[in-house]
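Peer 1: Could you slot chains B and C onto chain A? The hints should help.
Protein chains in written order, with our numbering: chain A, 1 to 188; chain B, 189 to 376; chain C, 377 to 564.
These aren't lab readings, by the way, just hints derived from the structure by calculation.
As the structure is a computational prediction, the values presented were derived from the model and not from experiment.
One thing to keep in mind: the hints can contain errors.
Stated by the list, open to error - Just some of the chain B residues that point at chain C, by a computed CB distance under 7 Å:
#: 1; residue: A204
#: 2; residue: A208
#: 3; residue: A211
#: 4; residue: C212
#: 5; residue: A215
#: 6; residue: G225
#: 7; residue: P227
#: 8; residue: A272
#: 9; residue: A273
#: 10; residue: A276
#: 11; residue: A279
#: 12; residue: A282
#: 13; residue: V283
As the list claims (entries may be wrong) - What the simulated footprint calls covered on chain C by chain B, stretch by stretch (three residues with Cβ under 8 Å from a Cβ of chain B suffice, anywhere in the stretch; the number is not a length):
#: 14; region: 473-485
#: 15; region: 493-504
For glycine and all other residues, C-beta sits at the position ideal for the given N, C-alpha and C.
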Amino acid sequence: MRPRTTAAVIAVLGAAIGLAGDACHVASGTTHYDVEGMPTVWRSAVWFPVSVGLAVLLAAWVSDRSGFPAARRRTRAEVPAGAAAVLALYALTAVLRHQPTTVSVVLTASLAVLVWAWWDPSRGALLVAVTAAVLGPLAEMAVSAAGLAHYAADADGLGGVAPWLPSVYFAAGAVSSRIWAAVARDGA
Amino acid sequence: MRPRTTAAVIAVLGAAIGLAGDACHVASGTTHYDVEGMPTVWRSAVWFPVSVGLAVLLAAWVSDRSGFPAARRRTRAEVPAGAAAVLALYALTAVLRHQPTTVSVVLTASLAVLVWAWWDPSRGALLVAVTAAVLGPLAEMAVSAAGLAHYAADADGLGGVAPWLPSVYFAAGAVSSRIWAAVARDGA
Amino acid sequence: MRPRTTAAVIAVLGAAIGLAGDACHVASGTTHYDVEGMPTVWRSAVWFPVSVGLAVLLAAWVSDRSGFPAARRRTRAEVPAGAAAVLALYALTAVLRHQPTTVSVVLTASLAVLVWAWWDPSRGALLVAVTAAVLGPLAEMAVSAAGLAHYAADADGLGGVAPWLPSVYFAAGAVSSRIWAAVARDGA
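The shape of chain A in the complex, shown without the other chains:
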């Protein structure tokens, strides 16, 4: 697959997962958009899926360029599995809305580690996962501080964002770290 096509596929995939996961958070009341009149896609302000798609593409491209060795090679046929695992964890956090913080953090962190250990238990993937788990919530804190959107009062215990948010970014980062090669590689 040509690099331009690979990039487009990854950005669209990231945006789609962002849209579906965010729709869960809006539906469960976990998050609210605060600027009226913004064009929306499904339940998200249009900037959200665009940002997620570009962030996933950036993580995928930088990881691929960096040349970290993978512990497990992934092919195009496995891309749906990686995407589904991240989206399932994302949607699960909407279900955990009214759970105690300890419960939601321990459960999502365990599942995030499981996604990393299954997808590619390498140091490179771990580094991307940890970086995403730090930068993602920081970006959402900035969004919240800028008044664009906010987390519900019972789900904003981590500087204005949800305490389980790093887990979701960790899993997304782990899968993103190898998604470029997986999408680009045709067949087994």
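Peer 2: Chains B and C in isolation, oriented as in the chain A frame:
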């Protein structure tokens, strides 16, 4: 294993999963049986596990006969894993009873794709999964229309059945599509 | 890795999982400690993580000594996955606090079988899992009878402990059964 024995094992396995999953739905109030005096097994009217067992057998037999190539060979030792994955998703839908439709559909659809992508990410298994995801809910709509059973008022948004029901049938179809060969094949 | 180091790693890992899982149960109100003045670690009385660590070490050591053949070899790189799977199931039981018994038992039992079938679908691991599923709840019944701790009134239906408790011990036993070799074995 002789074909007759394979068929019996698959039908009993399907009926057992149907019984355990249905018991969850009755316990959570997701579904109700509406005809009194019907003989029951555990919490189900007797026709339910019989129907599920025969449907799983039919899906398994037709898939095996059709000769679609499998992306991943499964053996008898892996049958408990396939059965457990489907039953876990089935039971999870009972937990999701009071969740918003968006949340329950996105979560169960992600997990259903994950089950397919793990068990056998082939086009043949996908075809069986999609067929099951269409025919299964249609059959349950007919059951509901016939007055034999119904879904709770907050779980009947898809023509009288639950919106997440296609996800459960999708996963069941994916696993069923390769279960004949897996049960028949002795050892690794 | 030297046997003494392997033993220490396994005991600490078991204690850490016990601590994190137990914190979920205390946070969700599933369990309560009944003796005041006991030194605590995180949310547990100090004897709890110590007991879990020693029990996991015992299960791991006895399983390794017994020489049961493994269906799947596990290496050190896979230890985080095994630990995360058990902890995720443990934390999930806190989420299931107010679910009907049928639902929580069917869901956790399915996931426990899935953990065994994924980690090591061997008869040896099954034997350890079943033994743990019997002895673990019996030990907790004794703890409860001794007045040290108790399960909430809506989660004590199995002789004073939770009906889903055998599922958690089953999964923990399955993973423990091969953890000695996995920790001791360096690399792939």
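Peer 1: Can P227 (chain B) be said to touch chain C, with a Cβ gap under 7 Å?
Peer 2: violated (20 Å)
Peer 1: For the region 473-485 of chain C, count the residues whose Cβ lies under 8 Å from any Cβ of chain B; is that count three or more?
Peer 2: holds (count 7)
Peer 1: Min Cβ distance, A215 (chain B) to chain C: is it shorter than 7 Å?
Peer 2: holds (4 Å)
Peer 1: Under 7 Å is the threshold here; is the Cβ of C212 (chain B) close enough to any Cβ of chain C for the hint to stand?
Peer 2: holds (5 Å)
Peer 1: Could you check if A211 (chain B) really has its C-beta closer than 7 Å to a C-beta on chain C?
Peer 2: holds (5 Å)
Peer 1: Please verify that hint: A279 (chain B), Cβ, nearest Cβ of chain C, below 7 Å or not.
Peer 2: holds (4 Å)
Peer 1: Return the status of the interface hint for A282 (chain B): holds when the least beta-carbon distance to chain C is below 7 Å, violated otherwise.
Peer 2: Holds: closest Cβ of chain C sits about 5 Å from A282 (chain B), inside 7 Å.
Peer 1: At a threshold of 7 Å, is the proposed contact between A204 (chain B) and chain C supported by beta-carbon distances?
Peer 2: With a minimum Cβ separation of about 11 Å from chain C (threshold 7 Å), the hint on A204 (chain B) is violated.
Peer 1: Any CB of chain C closer than 7 Å to the CB of A273 (chain B)?
Peer 2: holds (6 Å)
Peer 1: Does A276 (chain B) pass the interface hint, meaning its C-beta sits closer than 7 Å to a C-beta of chain C?
Peer 2: holds (4 Å)
Peer 1: With a cut-off of 7 Å on the beta carbons, see whether A272 (chain B) makes it to chain C.
Peer 2: Holds, about 4 Å.
Peer 1: Quick check on A208 (chain B) please, does its C-beta sit within 7 Å of some C-beta on chain C?
Peer 2: holds (5 Å)
Checked against the numbered hints listed earlier, the structure breaks hints 1, 6, 7; every other hint is satisfied.
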